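**Student:** Protein chains in written order, with our numbering: chain A, 8 to 367; chain B, 3 to 396.
Treat the hints with care, as some may be off.
As the list claims (entries may be wrong) - Here are the computed lysine to aspartate or glutamate pairs in the EDC-like style, where the Cα-Cα straight-line distance is at most 20 Å:
1) 293(B) <-> 294(A)
2) 110(A) <-> 12(A)
3) 136(B) <-> 18(B)
4) 354(B) <-> 329(B)
5) 209(A) <-> 235(A)
6) 292(B) <-> 12(A)
7) 245(A) <-> 235(A)
8) 19(B) <-> 9(B)
9) 293(B) <-> 67(A)
10) 50(A) <-> 286(B)
11) 111(A) <-> 36(A)
12) 292(B) <-> 294(A)
13) 55(B) <-> 214(B)
14) 311(B) <-> 78(A)
15) 58(A) <-> 286(B)
16) 44(A) <-> 321(B)
17) 50(A) <-> 304(B)
18) 263(B) <-> 354(A)
19) 345(A) <-> 219(A)
20) 265(B) <-> 256(A)
21) 238(A) <-> 325(A)
22) 140(A) <-> 85(A)
23) 293(B) <-> 56(A)
24) 50(A) <-> 321(B)
25) 167(A) <-> 181(A)
26) 183(A) <-> 219(A)
27) 292(B) <-> 36(A)
28) 265(B) <-> 354(A)
29) 58(A) <-> 294(B)
30) 247(B) <-> 214(B)
To be clear, the hints were calculated from the coordinates, so they are not data collected in a lab. Only a predicted model underlies this, so the values are computations on that prediction, with no experimental measurement involved.
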Amino acid sequence: MEYEEILKYEPYEMDSASKNTLFSKYLSDLTIHHYEKSNEYAKILDALDFKIHEFLNVAEVPFLPVSLFKEIRLLSLDKSQIFKTMTSSGTTGQSVSRIFLDKKTAYNQQKTLAKIMSHYLGISRMPMIIIDKPSVVNSRENFSARGAGIIGFSIFGSRKIYALNDDMSINIEELKVFIDQYINQKIFIFGFTFMIWQHFYKELLKLDCKFDLSNSIMFHGGGWKKLEFEKVSPRVFKDCLRNVCGIREIHDFYGMVEQTGSIFVECESGHMHSTSYSDIIIRNPNDFSIMPNNSAGIIQVISLLPESYPGHSLLTEDEGIIFGEDDCSCGKKGKYFKVIGRLQNTEIRGCSDTYASEFR
Amino acid sequence: MRVNFDDIRILHGSLEKIENFTNLKNLSIFCESVIDYLNTLSKGIFSDPRCRKFPDLITFGFWIRKASLLSMRDKYNNFERIGRGVVFHISPSNVPINFAYSLVAGLLSGNANIVRLSSKAFEQVDILCEIINKIDHEISNYIVLLQYPHNKQITDYFSFLADTRIIWGGDETIENIRTSPLKPRANEITFADRNSMCIINSDEYLKHRNKDSLAVGFYNDTYLFDQNACTAPKIIIWEGKGIEKARSIFNAHLHNVVLEKYKQSPIQSVQKYLKFTYFATQFDHCTLEKKDNLLYFIRIGELTSSLDKYFSNSGFFFEYFIKKDFDELIPLFSEKMQTISYFGVDIELLKKTIYEHHVRGVDRILPIGQTLDFNLVWDGFDLISSMSRSITII
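Turn these sequences into a full structure, and let the hints steer you where they fit.
**Tutor:** Shown next, in the form of structure tokens:
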């Protein structure tokens with residue numbers, strides 16, 4: 008089966024019955040494909056004593072821990088076919104994920120993202136404000152998750168402006184000109200949640216500078232970890248931005264470099280949604296069984312995109328909760344859910360080098 | 003040496019007391035006064051009802067009773083040994099009462115002691131310090147307990163004072179502390195990262211009546227410190243004719259105990275799965291058996307010396323079945339191997355294998371359930387001899 012067939016579906020039109028049939032087929036094919044092409048993937052499935060066959064249920068498809076991409080190279084293609092390698096941003100000192108793409112998977116990622124975004128943005132390009140510094144997409148950082156995210160989303164912008172200078176200060180003058188110029192058009196604003204809060208919202212507040220962005224739409228992603236620390240909830244985030252510049256349409260999204268393209272976008276009712284190209288399962292931490300709706304657990308993400316690397320089914324390190332499927336008040340089909348945040352890190356006992364960090 | 007001591011938090015004694023250490027008499031090993039002090043401390047622990055909640059504190063209390071100390075003393079025949087002087091102890095962050103065992107070894111070998119405790123809060127540590135502070139005894143002058151965050155100057159200073167430095171835990175920590183020089187004649191005892199294993203004879207196990215208590219013993223050896231203590235077995239070796247049957251009974255018993263007692267956080271589940279999938283990509287032919295995420299058994303068909311790279315914690319066990327004899331275990335007996343715990347095993351045969359091959363590792367061999375028991379010979383070091391000196395008279 009070809010991925011193009013899947014792309015004929017609108018992102019939020021597939022109900023659970025047709026999704027199960029279709030996903031079962033596609034995911035079985037993908038699992039067999041990776042089993043045959045990736046020696047590492049095959050070894051894991053063998054060690055799990057997993058019996059591969061053509062009619063796997065969605066929930067049966069084995070998942071890889073997302074951090075495994077930090078430990079080893081996982082690819083389901085010949086090295087000569089690598090078109091580009093993406094890495095997760097990762098903080099200093101941490102190892103980064105490396106994701107290997109061939110032309111086809113890279114192309115499908117773009118197409119899928121465009122399909123999902125056009126649901127919110129329409130099909131024509133819009134003037135775009137990127138809440139980041141221009142150098143984030145410079146060659147060195149080019150394929151870091153942050154740079155790749157900006158480049159990926161930039162295709163929806165007609166004329167683009169970076170709201171921040173390279174020293175992360177806000178570029179007020181150019182912003183003013185830009186906003187005035189497109190006063191009668193809808194503007195697309197994109198950025199990472201923390202950057203928006205720290206370097207856009209807080210600065211606007213400080214400068215006592217009121218922009219009118221009431222006719223714009225904002226997409227932000229990258230997680231809430233740093234904002235949680237500052238006790239900023241999604242609600243507060245939205246209210247504050249609205250107060251400072253009038254933005255009414257704000258969508259958070261959940262995605263990761265290991266499954267670029269098939270992002271989960273927050274709907275008008277404030278829930279993340281799976282699409283016709285992706286799925287989500289909440290796993291019980293005790294035994295990885297499936298959690299019932301409305302119970303928190305570990306998020307497993309499923310995407311039909313990854314063909315060049317075995318990343319179609321991944322166990323994340325995030326905690327989430329599914330509220331239901333196909334019946335969200337926003338009218339979109341798919342599972343709707345909330346990302347609670349990263350799993351809490353706990354220090355284990357014992358006498359090994361846990362002490363060392365104290366002595367650095 | 004001018005040092006800023008503001009970072010130091012004193013739990014017992016004072017900085018002045020440290021300065022006075024040079025005026026103290028070095029004691030003989032196992033001297034009456036120390037035994038009397040420790041016995042008083044033991045009584046203090048048993049008469050404080052708050053201690054009852056903490057099995058580690060109670061175990062310590064028993065260990066320093068007079069009778070227990072005298073039986074330890076009986077193992078030494080040369081009492082013409084005197085403490086080296088000042089011992090600087092650096093105890094681990096995650097085993098609360100470890101500092102106290104280290105201190106006792108320092109006292110029994112006749113020294114004054116500067117003990118750096120982890121800055122982490124543990125209720126049982128607070129209680130123990132409180133009891134120590136209530137004791138008025140001449141030996142109290144030989145003890146200073148303190149905490150300080152990483153501060154090379156302070157570590158430099160205490161290292162400069164020390165005749166023996168003892169570092170508990172972790173290759174990285176040892177590397178860090180070693181940047182602080184010691185006096186020319188000072189010595190050092192370091193407890194590096196080590197691994198441990200367990201050997202069970204399947205036929206003896208199948209005959210064993212009390213499988214439940216053996217499972218509890220194994221649980222205490224491992225899960226009590228998240229299978230992350232150096233004494234905790236990482237691999238279970240099975241021998242005998244009834245391996246398949248025995249291991250499935252053993253594993254089921256263990257699972258019951260773990261299910262009842264162990265609390266695991268979601269991130270530990272994810273970590274174990276990550277470690278397992280990583281191992282599976284690096285090693286040919288392994289199989290995972292698990293009922294849930296509390297307990298992983300990874301069966302492997304051959305042993306290699308690099309296996310220890312994949313050891314993990316929180317209930318992550320490799321399993322190997324002996325095909326012919328103990329010689330198959332030689333790859334495991336590297337210098338990293340510390341403790342072998344066992345059940346039903348012919349120890350003479352095991353000893354023979356170890357001595358015949360002149361292996362670099364294996365410091366302790368003891369029954370399942372006793373791996374955490376503290377001994378004055380630890381990790382192959384005789385703590386009393388290492389912290390005392392003898393006078394040669396010809």
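**Student:** Between the alpha carbons of residue 55(B) and residue 214(B), is the straight-line distance 20 Å or under?
**Tutor:** This hinted pair is violated, its Cα atoms lying about 23 Å apart.
**Student:** Please work out if residue 245(A) and residue 235(A) have their alpha carbons no farther apart than 20 Å.
**Tutor:** 14 Å, holds
**Student:** Does residue 235(A) sit within 20 Å of residue 209(A), going by the straight-line distance between their CA atoms?
**Tutor:** 16 Å, holds
**Student:** Is residue 354(B) close enough to residue 329(B), meaning Cα to Cα at most 20 Å?
**Tutor:** With Cα atoms ~10 Å apart, residue 354(B) and residue 329(B) stay inside 20 Å; holds.
**Student:** Is residue 292(B) within 20 Å of residue 294(A), Cα to Cα?
**Tutor:** 9 Å, holds
**Student:** Run the distance test for residue 345(A) versus residue 219(A): straight-line Cα separation, threshold 20 Å.
**Tutor:** 30 Å, violated
**Student:** Decide if the proposed pair is consistent with the structure: residue 44(A) and residue 321(B), CA atoms, cutoff 20 Å inclusive.
**Tutor:** 29 Å, violated
**Student:** Does residue 50(A) pair with residue 286(B) here, judged by a C-alpha cut-off of 20 Å?
**Tutor:** 8 Å, holds
**Student:** For the pair supplied as a hint, residue 111(A) and residue 36(A), is the alpha-carbon distance within the 20 Å limit?
**Tutor:** Since the Cα atoms of residue 111(A) and residue 36(A) sit roughly 16 Å apart, the hinted pair holds (cutoff 20 Å).
**Student:** Going straight from one Cα to the other, do residue 58(A) and residue 286(B) come out at no more than 20 Å?
**Tutor:** Holds, at roughly 18 Å.
**Student:** Take a quick look at whether residue 19(B) and residue 9(B) sit within 20 Å of each other, Cα to Cα.
**Tutor:** 17 Å, holds
**Student:** Can the restraint linking residue 265(B) and residue 354(A) be considered satisfied, given a maximum Cα separation of 20 Å?
**Tutor:** 13 Å, holds
In this structure, the earlier hints numbered 6, 13, 16, 19, 20, 22 and 27 are contradicted, and the remaining ones agree with it.
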